[in-house]
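Go ahead and model the full structure; you've got the sequences and the hints to work with.
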Amino acid sequence: MKKKEFVDELKDALEIEDEDQEITLETNLKELEEYDSLSVLSIIAMIDKNFGKQIPSSDFVKVTTVSSLMELIGKEHFD
Amino acid sequence: MDSIFDLKNKNIIVTGASSGIGRQCAITFSQLGANVILIARNKERLKDTFDKLEKGNHLIISQDITEYDKLEQIIKYSVEKIGRISGFVYSAGIEMTLPLRSMQPSYYEKMFSINVITGFELAKIISKTKYINKDWASFVFISSVMGILGQPGKIAYCSSKGALISGIKAMALELAKKNIRVNCILPGVVETEMSNEMFQRLSEESKKEIIDMHPLGLGKPEDIADACAFLLSNASRWITGTNLIVDGGYSAR
Chain A
1 MKKKEFVDEL
11 KDALEIEDED
21 QEITLETNLK
31 ELEEYDSLSV
41 LSIIAMIDKN
51 FGKQIPSSDF
61 VKVTTVSSLM
71 ELIGKEHFD
Chain B
1001 MDSIFDLKNK
1011 NIIVTGASSG
1021 IGRQCAITFS
1031 QLGANVILIA
1041 RNKERLKDTF
1051 DKLEKGNHLI
1061 ISQDITEYDK
1071 LEQIIKYSVE
1081 KIGRISGFVY
1091 SAGIEMTLPL
1101 RSMQPSYYEK
1111 MFSINVITGF
1121 ELAKIISKTK
1131 YINKDWASFV
1141 FISSVMGILG
1151 QPGKIAYCSS
1161 KGALISGIKA
1171 MALELAKKNI
1181 RVNCILPGVV
1191 ETEMSNEMFQ
1201 RLSEESKKEI
1211 IDMHPLGLGK
1221 PEDIADACAF
1231 LLSNASRWIT
1241 GTNLIVDGGY
1251 SAR
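Residue numbers (our numbering), protein chains in the order written: chain A, 1 to 79; chain B, 1001 to 1253.
Hints may contain errors.
Dumping the calculated DSSO-like pairs for lysine-lysine here, alpha-carbon to alpha-carbon at most 27 Å [to be verified]:
| # | chain 1 | residue 1 | chain 2 | residue 2 |
| --- | --- | --- | --- | --- |
| 1 | A | K62 | B | K1154 |
| 2 | B | K1154 | A | K49 |
| 3 | B | K1110 | A | K53 |
| 4 | A | K49 | B | K1110 |
| 5 | B | K1208 | A | K62 |
| 6 | B | K1208 | B | K1154 |
| 7 | B | K1207 | A | K62 |
| 8 | A | K53 | A | K75 |
| 9 | A | K30 | B | K1154 |
| 10 | B | K1008 | B | K1130 |
| 11 | B | K1154 | A | K11 |
| 12 | A | K53 | B | K1154 |
These aren't lab readings, by the way, just hints derived from the structure by calculation.
Okay, here's the thing in structure tokens:
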């Protein structure tokens, strides 16, 4: 999946509708207002749908930036 | 000495009997003298439950009950082996926590298929004149307090449990002339595998919040099984079309 596509999917999962709100690979997800336990469940569902991977919510403790989330999924999935 | 609260000589079908509330129901009913027909998918766990039952004329049926075309034959088989049915507890169900933005039609369909439709299909078959005890029968559907209360991330679960609550009222009116009573139990959060799995997906904060909302703490499967036993017994002779809330005070707020 292209990195830009992934960021768009992530914005959907977080319900960030403001197109001007920039999310980059360095954005720290934990600092986002929208990042709560329900959003984590949305992200898990999005990852399952796009990559066929089921990541337990306990693994999200390690997630900080968007880049760290991509690492959790596996960098090989992204171009 | 016989008690109006026991289940002697009653043949009771329990679905979801391999774990949680269903498992405890089967055990409790056997302790009260019932013959129990246990239905679930996992054969090994069914056998585990079976081994914990008090002596009686019990039966295990390993079957995925969402295979609707198989339901009639398992009920027919149960009646042939054990006798006419005096009780039915629908305890099979799944949980889902996912916000509205991530929901898909297929997720609702799966939830309703297992939590509602299969239960009603089984009731349809069990209530047939050739299978049901003509003088006395009682159906109990395990719903949830989440069928009358809301919680973020639980649209599919809440609506499926709510469907049971209203559905049984119509069913109760329809089946009264056959001496079949139909009721729902609405548990709060009970300590089962299913609720433990759900808790693991939530933050510590959310978990504590949910526990704190139960004035009497979380429930045990025995709490629900005992309430089911009452609704299946002669002591609830005049109770039909209603919901029995068993939630440690959760919904009293």
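Exercise. Which earlier hints can't be squared with this structure?
Worked result: none
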